[in-house]
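A.B. asks: So the protein sequences, as listed, match chains A and B. According to my numbering, the first sequence is numbered sequentially starting from 1. According to my numbering, the second sequence is numbered sequentially starting from 225.
Please note that a few of the clues may not be correct.
Dumping the calculated DSSO-like pairs for lysine-lysine here, alpha-carbon to alpha-carbon at most 27 Å [as the list claims (entries may be wrong)]:
#	chain 1	residue 1	chain 2	residue 2
1	A	K78	A	K52
2	B	K295	B	K347
3	A	K184	B	K231
4	A	K173	B	K408
5	B	K295	B	K328
6	A	K146	A	K123
7	A	K146	A	K46
8	B	K347	A	K104
9	B	K231	B	K347
10	A	K184	B	K347
11	B	K328	B	K276
12	A	K109	A	K144
13	A	K52	B	K408
14	A	K104	A	K146
15	B	K370	A	K104
16	A	K123	A	K71
17	A	K46	B	K370
18	A	K104	A	K144
19	B	K328	A	K104
20	B	K368	B	K393
21	B	K231	B	K295
22	A	K52	A	K104
23	A	K104	A	K78
24	B	K368	B	K397
25	A	K123	B	K295
26	A	K123	A	K7
27	A	K184	A	K173
28	A	K7	B	K276
29	A	K184	A	K169
30	A	K146	A	K52
31	A	K7	B	K397
32	A	K71	A	K52
33	A	K184	B	K368
34	A	K52	B	K328
35	A	K46	B	K347
36	B	K408	A	K46
37	A	K123	A	K78
These are computed hints drawn from the structure, not numbers from a lab.
There are 2 protein chains.
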Amino acid sequence: MIENGKKVPQVTVKRLSRYLRVLEHFSEQGYETISSEELANELHVKPSQLRKDLAYFGEFGTRGMGYSVSKLAEVLRKILGLHRQWAIAIIGVGNLGTALLRYKGLNEKGFRVAALFDDDPEKVGSARSGIHIYHVDNLANVVKEKNIQIVILTVPAPAARAAAEAVIKAGIKSILNFAPVSIKTGPEITCLQVDIASELKILSHYLAGQDVSGGKDGKVAIPG
Amino acid sequence: MIENGKKVPQVTVKRLSRYLRVLEHFSEQGYETISSEELANELHVKPSQLRKDLAYFGEFGTRGMGYSVSKLAEVLRKILGLHRQWAIAIIGVGNLGTALLRYKGLNEKGFRVAALFDDDPEKVGSARSGIHIYHVDNLANVVKEKNIQIVILTVPAPAARAAAEAVIKAGIKSILNFAPVSIKTGPEITCLQVDIASELKILSHYLAGQDVSGGKDGKVAIPG
């Protein structure tokens with residue numbers, strides 16, 4: 001998942017978004033304060049991990065009082081850049097692109113799908129869920145016109161690298177790549193990869209470990 | 225992404241699947257050997273990281289000779305449990321479930337979608353891409369009958385926890401969860417979460433860092 005090194009580790013940022021989700025849930029339930037233990041337990045992390053994650057950004061909470069649910073949520077929203085709205089473009093309007101377009105998480109507060117791109121003449125010029133499909137050749141213009149800052153790549157693997165190059169050339173700094181292809185970017189670009197095939201292989205690794213006899217310490221025998 | 229602690233870290237297993245992809249690519253190109261530098265460079269990791277990752281499983285390569293592409297690929301396939309085929313069920317035949325069903329990575333060597341589940345009476349009994357849609361109430365029976373070992377959860381967030389409970393009750397040990405809900409499982413279950421909203425928040429965090437003025441060391445100011 002991690003493509004580029006950044007000051008705050010991506011795993012930490014990821015946990016921050018989960019803390020925020022829990023805080024929003026507690027807020028809806030009417031809670032005003034929450035202890036680090038309660039918040040950490042909800043996400044199966046250690047309270048010390050939670051405190052370490054928050055320490056990147058300053059001092060929070062009052063000793064013996066816990067956190068203010070609304071204040072900590074507000075801080076996390078700011079840290080996560082959710083105090084403003086980001087325009088997203090999806091490149092590749094196939095099954096996955098269409099599913100993502102309709103995915104709730106993509107239309108949460110803070111994000112808005114502003115344009116779709118494809119190179120299929122039958123799709124270009126039409127709309128999905130009210131969002132226009134542009135030809136990929138118009139990427140740079142549309143990115144500028146619609147102030148797009150996040151691109152989701154759902155093109156087939158063979159097209160992914162060329163698409164990523166065009167995206168970077170258009171000035172995009174944030175890419176979420178669903179193609180099973182590693183994309184080389186400079187340090188100023190954040191490229192996250194959602195690699196579903198890779199996730200499945202993690203599952204099959206642990207499954208195999210359950211019914212394949214391994215050596216000592218869980219090591220497997222290696223041929224020659 | 226990490227829900228459960230296991231002997232070999234999930235990040236390592238994830239890299240193994242990426243090494244395998246590179247090796248298969250090199251194999252197709254006719255290469256017989258590859259150095260740790262070449263293999264590591266393809267994935268933008270340090271050669272020392274590659275050697276450390278492989279060291280979990282034994283000794284590989286010959287000093288000064290590099291790795292045998294075909295042998296290392298074979299070992300990685302075995303470590304990743306790809307020497308056999310795993311039957312997958314997708315629960316939730318909405319846009320995302322349908323997209324995944326047609327996703328190439330889900331039908332790679334080693335995996336096969338064997339059953340779909342939904343609770344919508346209009347969907348139950350029909351088929352998508354030739355795969356039958358069963359009612360979720362029949363989960364336990366179908367899991368047993370079709371020897372399903374991996375479940376992909378693409379149900380809406382409010383339904384995710386109940387679905388996960390039913391899945392675990394049916395004896396499934398491996399879950400790939402796309403619902404934005406943290407699922408509590410015992411240590412014998414591997415539950416990976418693909419959290420797209422969370423990935424977007426990582427991107428917006430780094431974007432916000434580029435145009436919001438932070439304090440020293442990239443810290444942001446925290447309200448009282």
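A.B. asks: When the structure is checked against the list of hints, which entries are broken? Sort them ascending.
C.D. replies: Hint check: 2, 3, 4, 7, 9, 10, 11, 15, 16, 17, 22, 25, 26, 30, 31, 33, 34, 35, 37 fail, others pass.
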